[in-house]
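J.: If you want the building blocks of each chain, they are given just below.
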Amino acid sequence: MTPKPVISIEQIGKLYRIGSRFGSCIQLPWNRKYATRQSNTELWAIKNISFTVEEGDVVGIIGKNGAGKSTLLKVLSRITPPTEGRAFIRGRLASLLEVGTGFHPELTGRENIYMNGAILGMTRRQIARRFDEIVSFAEISRFLDTPVKRYSSGMYVRLAFAVAAHLDSEILIVDEVLSVGDASFQTKCLGKMDEASKSGRTVLFVSHNMAAVSRLCNKGVVLSNGLIDYIGSSQEAIRHYSSYERGSIPSSVIFENDDTKRANSKARFVGACLEGKNGSGGDVFFIGDEMYVRMDIIFNEPTDNIRLSFAVRNADGVGVYHCVMEDSDFRPGVLCGRVSIKARFPHLSLYPGTYYIDDLWLASGSKTLDNIEGDILSFTIAEGGSVIRRRLASNKALVHEVPEWTVDSKIPNDRLLIEGEKLCSS
Amino acid sequence: MMNAEHEIIITPPSKIPSIGWKELWRYKELFIALTWRDIAVRYKQAVLGLIWVIIQPLIAMVVFTFLFNRLGGIKSGDGTPYPIFLYVGLLIWQYFSTTLINAANSMTSNAGLIQKVYFPRLVIPATAAASALVDLVIASLILAMMMIYYKLPPKPLSIVLLPVLILTTILVSLGFGLLAAAVNVKYRDIKHALPFAVQIMMFITPVMYPINMLDSHPTTKAVMLWLNPISGVISNARAVVLGKSPVCWDVLVISLLMSISLFLLGLLYFRKAEHYFADLV
Numbered sequence: 244m245t246p247k248p249v250i251s252i253e254q255i256g257k258l259y260r261i262g263s264r265f266g267s268c269i270q271l272p273w274n275r276k277y278a279t280r281q282s283n284t285e286l287w288a289i290k291n292i293s294f295t296v297e298e299g300d301v302v303g304i305i306g307k308n309g310a311g312k313s314t315l316l317k318v319l320s321r322i323t324p325p326t327e328g329r330a331f332i333r334g335r336l337a338s339l340l341e342v343g344t345g346f347h348p349e350l351t352g353r354e355n356i357y358m359n360g361a362i363l364g365m366t367r368r369q370i371a372r373r374f375d376e377i378v379s380f381a382e383i384s385r386f387l388d389t390p391v392k393r394y395s396s397g398m399y400v401r402l403a404f405a406v407a408a409h410l411d412s413e414i415l416i417v418d419e420v421l422s423v424g425d426a427s428f429q430t431k432c433l434g435k436m437d438e439a440s441k442s443g444r445t446v447l448f449v450s451h452n453m454a455a456v457s458r459l460c461n462k463g464v465v466l467s468n469g470l471i472d473y474i475g476s477s478q479e480a481i482r483h484y485s486s487y488e489r490g491s492i493p494s495s496v497i498f499e500n501d502d503t504k505r506a507n508s509k510a511r512f513v514g515a516c517l518e519g520k521n522g523s524g525g526d527v528f529f530i531g532d533e534m535y536v537r538m539d540i541i542f543n544e545p546t547d548n549i550r551l552s553f554a555v556r557n558a559d560g561v562g563v564y565h566c567v568m569e570d571s572d573f574r575p576g577v578l579c580g581r582v583s584i585k586a587r588f589p590h591l592s593l594y595p596g597t598y599y600i601d602d603l604w605l606a607s608g609s610k611t612l613d614n615i616e617g618d619i620l621s622f623t624i625a626e627g628g629s630v631i632r633r634r635l636a637s638n639k640a641l642v643h644e645v646p647e648w649t650v651d652s653k654i655p656n657d658r659l660l661i662e663g664e665k666l667c668s669s
Numbered sequence: 014m015m016n017a018e019h020e021i022i023i024t025p026p027s028k029i030p031s032i033g034w035k036e037l038w039r040y041k042e043l044f045i046a047l048t049w050r051d052i053a054v055r056y057k058q059a060v061l062g063l064i065w066v067i068i069q070p071l072i073a074m075v076v077f078t079f080l081f082n083r084l085g086g087i088k089s090g091d092g093t094p095y096p097i098f099l100y101v102g103l104l105i106w107q108y109f110s111t112t113l114i115n116a117a118n119s120m121t122s123n124a125g126l127i128q129k130v131y132f133p134r135l136v137i138p139a140t141a142a143a144s145a146l147v148d149l150v151i152a153s154l155i156l157a158m159m160m161i162y163y164k165l166p167p168k169p170l171s172i173v174l175l176p177v178l179i180l181t182t183i184l185v186s187l188g189f190g191l192l193a194a195a196v197n198v199k200y201r202d203i204k205h206a207l208p209f210a211v212q213i214m215m216f217i218t219p220v221m222y223p224i225n226m227l228d229s230h231p232t233t234k235a236v237m238l239w240l241n242p243i244s245g246v247i248s249n250a251r252a253v254v255l256g257k258s259p260v261c262w263d264v265l266v267i268s269l270l271m272s273i274s275l276f277l278l279g280l281l282y283f284r285k286a287e288h289y290f291a292d293l294v
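Protein chains in written order, with this note's numbering: chain S, 244 to 669; chain V, 14 to 294.
Next up, chain S with everything else stripped away, as it sits in the complex (with noise of 0.2 Å):
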């Protein structure tokens, strides 16, 4: 008999109606009879979500604000009834929608530690003995018996999240609580969360954040306009998702002919966009896939000896790449009329963050015939992929390089480091 899955969820729809219905005691009978109810005041926060999680999974939940994801978690976690539909949901359920929920800011850290527990369901005897490591986790000790109100704000989140993550349940609903706290607590929430999915918990987990929910998840579900989008894999989801939410510098531009220079030129860029393998849209990549950066010009008369040039940023600003294509082979002869020309990237080896494509150049022989400047396209590397065996850590280094290795075992004498020396006694 193969298990029952841990969750399943059957037709779920949550109907909220929205605007005031008690705005006022005076309602006159004349206004009732002809005030426009039904439909438009009524909205579906999630409908038909059905979807099921086997035991150990840990799925992403992502989708643009007010996409119904809380609302989702909130009708699992049993804050809110579900307007129709069943959902079933096997074992012990922790749901973490808020970090510090019911911290009274006049008790003490300790007695904060006691109270959140049992407000997310632990008894006292579990929570004593798993005290130290609250604290310790938290790096509070010092301040146990100090007033939360007096924590810094930093102080505060670390012992309410601390709190959570010690939580003996076998199910745990995570809303975006990773984006509090700062980089090096970060860090250590989400290695805390690969522990509990490592040691076999359920995980449902809603993020805005890719790379956490690439690196944590196996499996992701999309909602839109709280309607399933996509349910797969999490690294196929966070394509899906990305294929058409994008961050303020997009995956592909068309440029104005806002500038009667430009306007007047022999050629300009009409567009560039980012492909994926197969000509794909997208902004999320992993290591080891395939980018190709295009560029649409329009060139007014037949041009020959053709310049173009464009720039690879990181965040911070720092120069990747300064692609040129006079570096290459490739010679594209005379041409006239929209063209499209591409870069491919057969391997991205960049470590996981945000880049930017920006400067990018065109001209013929020593003529500049365009320039466009500043941040044009952005994409972003997740953590993980086909490739990648292990976490990349982002401040150690900027491009992946997987270099060959080898052993040689015999040496000779004279070619030895150190010479003289006997390194290994044979």
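The hints are simulated quantities; they were obtained by calculation from the structure and are not laboratory data. Any given hint might turn out to be false.
Unchecked claim - List of simulated lysine to aspartate or glutamate pairs, EDC-like, C-alpha gap at most 16 Å:
#1 S/LYS441 to S/ASP411
#2 V/LYS57 to S/ASP388
#3 S/LYS247 to V/GLU20
#4 V/LYS257 to V/ASP91
#5 V/LYS57 to S/GLU349
#6 V/LYS28 to S/GLU327
With chain S's structure known, arrange chain V on it following the hints.
T.: Using the frame of chain S, we list chain V on its own:
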């Protein structure tokens, strides 16, 4: 690791509310923790701390004794010294009003919890009733001292009757409190109306005068006893604790029955409204 015991089925709320005792019992730790928090937080950073629990009824006793007894000429009616007669009434009234107002506001003041964590919502108003009970016990120490001072031994029956009277008070306070809490989530008018209503109700409850004063108005007295179970509780508490007048058994039964009905009404209404608290609060 998984067991059927923990299977939870999430469905739209059913039309008929159930009380869910079993689940309430599972959350007893949370109830204890929240009650403790209520008490611990209330007098933090106050120099006098818990002494405030005693100061309030004590000062009320002094002022009301002067106003109603010395100036107004109201007597206890059965020869009990007026201050202790009044104090018994004040204790019960204070329990009732504190529980009612705190329970009514408990949903809105714990909105953060309700929107972020699941637990039976009943735990919160129950907490209000429990922490007020602690106040009642502490303030009763003064009563005990006064009983010694006035040499008024309690009736032996009080061992049995006192718990019944306290239970009746709790049920009435929670019954009203649950109703008010559930309505308050939707209509915040309750928050404004309740303190005023409680103040008025104090005068139509025999806190400062004996219920016998109404003997000439039998209809008013009957309405008061039936609709306001606290009236019966206060007069019987005086009879039991101070031992001067006989216990009115019919009043005791009426109060108890009314309190149970009120409690069940409040409970079921609360359970029915509870589903939407997180959305509306």
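J.: Next step is simple, just say for each hint if it's right about the structure.
T.: Verification of the hints:
1. S/LYS441 to S/ASP411: Measuring from Cα to Cα gives roughly 14 Å; hence the hint holds.
2. V/LYS57 to S/ASP388: holds, 14 Å
3. S/LYS247 to V/GLU20: holds, 11 Å
4. V/LYS257 to V/ASP91: Distance ~6 Å between V/LYS257 and V/ASP91 Cα, so the pair holds.
5. V/LYS57 to S/GLU349: Distance of about 7 Å is within 16 Å: holds.
6. V/LYS28 to S/GLU327: OK: V/LYS28 and S/GLU327 at ~14 Å, within 16 Å.
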